[in-house]
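Chains as they are written, first to last, in the working numbering: chain A, 1 to 283; chain B, 284 to 422.
You may find that some hints are simply not true.
Derived pair list, reagent style DSS-like, types lysine-lysine, alpha-carbon separation capped at 25 Å [as the list claims (entries may be wrong)]:
(1) A:153 <-> B:308
(2) B:334 <-> A:33
(3) A:61 <-> B:410
(4) B:401 <-> A:30
(5) B:317 <-> A:30
(6) A:153 <-> B:317
(7) A:30 <-> B:354
(8) A:155 <-> B:308
(9) B:399 <-> A:38
(10) A:94 <-> A:257
(11) A:38 <-> B:354
(12) B:399 <-> B:332
(13) A:30 <-> B:410
(14) A:30 <-> B:345
(15) B:364 <-> A:30
(16) A:30 <-> B:294
(17) B:420 <-> A:21
(18) B:308 <-> A:95
(19) A:155 <-> B:410
(20) A:33 <-> B:354
The calculated label-pair distances, taken between Cβ atoms and stated as ranges, are [stated by the list, open to error]:
(21) A:115 <-> B:420: 31 to 41 Å
(22) B:308 <-> A:14: 53 to 63 Å
(23) B:370 <-> A:44: 20 to 30 Å
(24) A:49 <-> B:330: 40 to 50 Å
(25) A:29 <-> B:295: 45 to 55 Å
(26) B:366 <-> A:245: 41 to 51 Å
(27) A:95 <-> B:286: 48 to 58 Å
(28) B:308 <-> A:155: 43 to 53 Å
Bear in mind the hints are in silico, worked out from the structure with no lab data behind them.
Since the structure is predicted, the reported quantities are computational estimates derived from the model, not experimental observations.
Glycine included, each C-beta is placed from N, C-alpha and C at the ideal position.
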Amino acid sequence: MNIFSERYKQLGEPAKTVETKQAIRVNTLKTTKEELIKRLEARHIEVEEIPFTKNGLFVLKSPFAIVSTPEYLVGLFYIQEAASQLPVGVLNPKKLCLDACAAPGSKTTQIAEQCPVIAVDTREDRLVALQNNVERLGITNCSAYNLDFRGVKEKFDYILLDAPCSGNFVLEGKMWFRKQSMKRVLERAELQQSLISHAIGLLNENGTLVYSTCSLEPEENEMIIQYALDNHKIKLEKVDTIGDEGLTDVFGKKLNKEIKKCRRLWPWKTNTQGFFIAKIRKC
Amino acid sequence: MLEFIKKFTDKEIEYVKVKNKYYLKNDLTLSTSKVFMPGLILGEIKDDKFKPSLGLLGLLSKLTTEKIFVKDIGEIDFLFKKNLRPRHVERVTGENKIGYFKLVQNEYDENLGYGKMKKENRLKGLKDRGDFIRREKTL
């Protein structure tokens, strides 16, 4: 058995087969969910509402690639996996927001439906994709910077840190198990500790940070939140969405009970990709 | 860029220019020089000519009547780089004359691109939103 499968078993969640569905997010700057459903159905594309997101649709059946539809090209929707639509809903920003590791812009463009957003990313090639998405969706309240967000000095009331992570097996299948190692997970965790510390430092008092990853590894999730609790004046807020409570007993190590307020999406339970979401308020 | 905008509207669009590219002006700035995209891209100068972005065409479509509305078949054909013929066209607003630039709109008044009138109800496509798929293939 693969080391990661063995770890999930030890955490009480033996891996099972996952059946995900293609998902899209309605661009409410240009249309409504009801109107988009009507237009896609007229093209014989079957969709259903994602019950746990505000503006998400599952694509059940399409006679052709949905990126070739006029609805996609005029920017009425964004192709975004269902779990990945959750963090922005949890953050629910009301004013200027920093998207700290933004490219290619799925969450940046989602934030822009609610409030202005500054997107930052180290990868220029992925920022090109972000720029294309901003243009396609008709977003006018976004700017983007090509830098490591640890170089940002301005303070914010809302920050999204969808941190670079080791990913999960749902999107990549068996290949993911082959290419991942604990060394890589721990390297990511070290980076994530640095990123979350800087993000908390950029928050105004009482500001909100949502930390998320698409990793299932506790070292990149609950243990990063434990690190943040140990080193910063913060409190956790309950993440009110699908999934299980955050783990507080990780391979025999006891974590702060507050971490239960986080959410962990085991793919075989939610039929989404794996995901972890924490909501942090600066004291 | 201003010359291009004037073909469609007298209204002003506030912009910033960075090197050869134009962006919609906003106040979302950080204290660093590493700006990648100060706002929605409006177009760029290439070979000494202004090339409008699809973002600019989308903004202009809310400010002008210089439009050609297409039927369903015209929408698909135009997005796949075909020129418009009378069978594609639902109606023309503004000037229906040779040489005029027109925004191409679908039945929902959503912008699909733009082109130049060649004859009555005939338009040579100059840019279309099918470009987004073509760009994704090169990323």
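### Query
Honestly, do residue 308 of chain B and residue 14 of chain A meet the 53 to 63 Å range at C-beta?
55 Å, holds
#### Entry: Hint consistency between residue 308 of chain B and residue 95 of chain A [alpha-carbon to alpha-carbon, up to 25 Å]
18 Å, holds
### 25 Å Cα cutoff - pair residue 364 of chain B, residue 30 of chain A
Given pair residue 364 of chain B, residue 30 of chain A holds - Cα atoms ~24 Å apart, limit 25 Å.
#### Entry: Straight-line alpha-carbon gap residue 399 of chain B to residue 38 of chain A, limit 25 Å
32 Å, violated
### Message
Within 31 to 41 Å: is that where the Cβ-Cβ distance between residue 115 of chain A and residue 420 of chain B falls?
### Response
32 Å, holds
### Task
Compare the distance between the alpha carbons of residue 334 of chain B and residue 33 of chain A with 25 Å, and conclude whether the hinted pair is satisfied.
33 Å, violated
### Task
Would you mind confirming whether the straight-line C-alpha gap from residue 61 of chain A to residue 410 of chain B stays at or under 25 Å?
Between residue 61 of chain A and residue 410 of chain B the Cα gap is close to 31 Å, so the pair fails against 25 Å, i.e. violated.
### Query
Straight-line Cα separation of residue 155 of chain A and residue 410 of chain B no greater than 25 Å?
Cα-Cα ~40 Å, so violated.
### Message
So if I understand the rule, the pair passes when the alpha-carbon distance is 25 Å or less; does residue 30 of chain A with residue 345 of chain B pass?
### Response
13 Å, holds
### Query
Within 25 Å, alpha carbon to alpha carbon, are residue 420 of chain B and residue 21 of chain A?
23 Å, holds
### Message
Is 45 to 55 Å respected by the C-beta to C-beta distance linking residue 29 of chain A and residue 295 of chain B?
### Response
22 Å, violated
### Query
Is it true that the CA of residue 153 of chain A sits at most 25 Å from the CA of residue 317 of chain B?
Holds. Residue 153 of chain A to residue 317 of chain B sits at ~13 Å (cutoff 25 Å).
In summary, the numbered hints that this structure violates are 2, 3, 4, 5, 9, 10, 19, 25, 26, 27 and 28.
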